[in-house]
Amino acid sequence: MTERLIGLAGASPLIAVSMLLLVIGLLLALVRVVHGPRIPDRVIALDLMASLVVGLLLLLGATLRLLALVDIGIVLALIAFLGTVAFASLIERRTRE
Amino acid sequence: MTEWIAGILALIGSLLMLIAAIGLLRMPDFYTRMQASAKASTLGILFIVSATGLTLGSLAALLHTFLASLFFILTIPIAAHLLGRAAYLSGLLPLVIEDDLAGRYHPRTHELRGADETTSAVVPSVPND
Numbered sequence: 007m008t009e010r011l012i013g014l015a016g017a018s019p020l021i022a023v024s025m026l027l028l029v030i031g032l033l034l035a036l037v038r039v040v041h042g043p044r045i046p047d048r049v050i051a052l053d054l055m056a057s058l059v060v061g062l063l064l065l066l067g068a069t070l071r072l073l074a075l076v077d078i079g080i081v082l083a084l085i086a087f088l089g090t091v092a093f094a095s096l097i098e099r100r101t102r103e
Numbered sequence: 014m015t016e017w018i019a020g021i022l023a024l025i026g027s028l029l030m031l032i033a034a035i036g037l038l039r040m041p042d043f044y045t046r047m048q049a050s051a052k053a054s055t056l057g058i059l060f061i062v063s064a065t066g067l068t069l070g071s072l073a074a075l076l077h078t079f080l081a082s083l084f085f086i087l088t089i090p091i092a093a094h095l096l097g098r099a100a101y102l103s104g105l106l107p108l109v110i111e112d113d114l115a116g117r118y119h120p121r122t123h124e125l126r127g128a129d130e131t132t133s134a135v136v137p138s139v140p141n142d
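Which chain is which? The protein sequence lines are A and B, in order.
Here our numbering is used: the first residue of the first sequence is 7, the next is one more, and so on.
Here our numbering is used: the first residue of the second sequence is 14, the next is one more, and so on.
Don't read these hints as lab results, they were simulated from the structure.
Note that the Cβ used here is the ideal one computed from N, Cα and C, for glycine as well.
Where hints are given, some of them may not hold.
Under 7 Å between C-beta atoms, here's a sample of chain B residues computed to sit facing chain A [stated by the list, open to error]:
1) Ser-27
2) Phe-43
3) Ala-74
4) Leu-76
5) Ala-81
6) Ser-82
7) Leu-83
8) Ala-92
9) Leu-96
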């Protein structure tokens with residue numbers, strides 16, 4: 007495990023820059039989550055944050071040569087999709103009543 | 014060589030996702046925010062997935078990344094569409110002059126009628142018993 011963590015330091019510089027860009031995007035989306043005017047804005051920002059985290063996981067898997075991280079990313083995207091669908095159905099049902 | 018191609022792909026993908034986040038932050042309206050974030054993040058994550066598949070390189074990795082990209086193509090636009098529909102039905106009006114969807118959704122069943130149906134018949138046609 008330790009040599010895997012040391013291997014992170016020898017990551018490709020382009021992939022390291024990409025991960026930095028993804029983290030900046032995560033912060034920007036977090037601003038929208040904090041003061042989105044209404045609930046749908048917050049939900050779409052959370053969806054984008056989940057996509058950004060999945061991208062980070064994929065790049066981490068490419069750096070550490072771990073295929074399992076790709077599977078973890080798929081599962082995280084599935085959970086985020088289900089959460090978004092649940093929020094959409096909640097918004098729609100709350101207005102119907 | 015492969016590593017540099019994968020790095021450039023990852024850089025393009027993360028730039029697209031950063032553009033998605035900037036659009037989410039700067040767009041004036043919920044619907045434009047949804048468009049910006051959904052489309053750009055779909056394309057960006059496809060680039061990142063292909064970079065990962067190219068780096069790992071084995072057959073299992075290519076299969077996993079192919080399935081992952083299929084999954085992302087399917088789910089991200091569907092989630093954005095569902096949210097936009099729910100937001101429109103909850104009364105959130107878009108920031109445009111014309112509202113082409115006005116009166117097209119059935120108020121109770123949430124079915125969408127086409128353009129020719131609304132122009133021809135004001136009342137939904139009931140079969141005469």
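Going through the hints against the structure:
| no. | hint | result |
| --- | --- | --- |
| 1 | Ser-27 | holds, 4 Å |
| 2 | Phe-43 | holds, 5 Å |
| 3 | Ala-74 | holds, 5 Å |
| 4 | Leu-76 | violated, 10 Å |
| 5 | Ala-81 | holds, 5 Å |
| 6 | Ser-82 | violated, 10 Å |
| 7 | Leu-83 | violated, 10 Å |
| 8 | Ala-92 | holds, 4 Å |
| 9 | Leu-96 | holds, 5 Å |
Hints 4, 6 and 7 from the earlier list are contradicted by this structure; the remaining hints agree with it.
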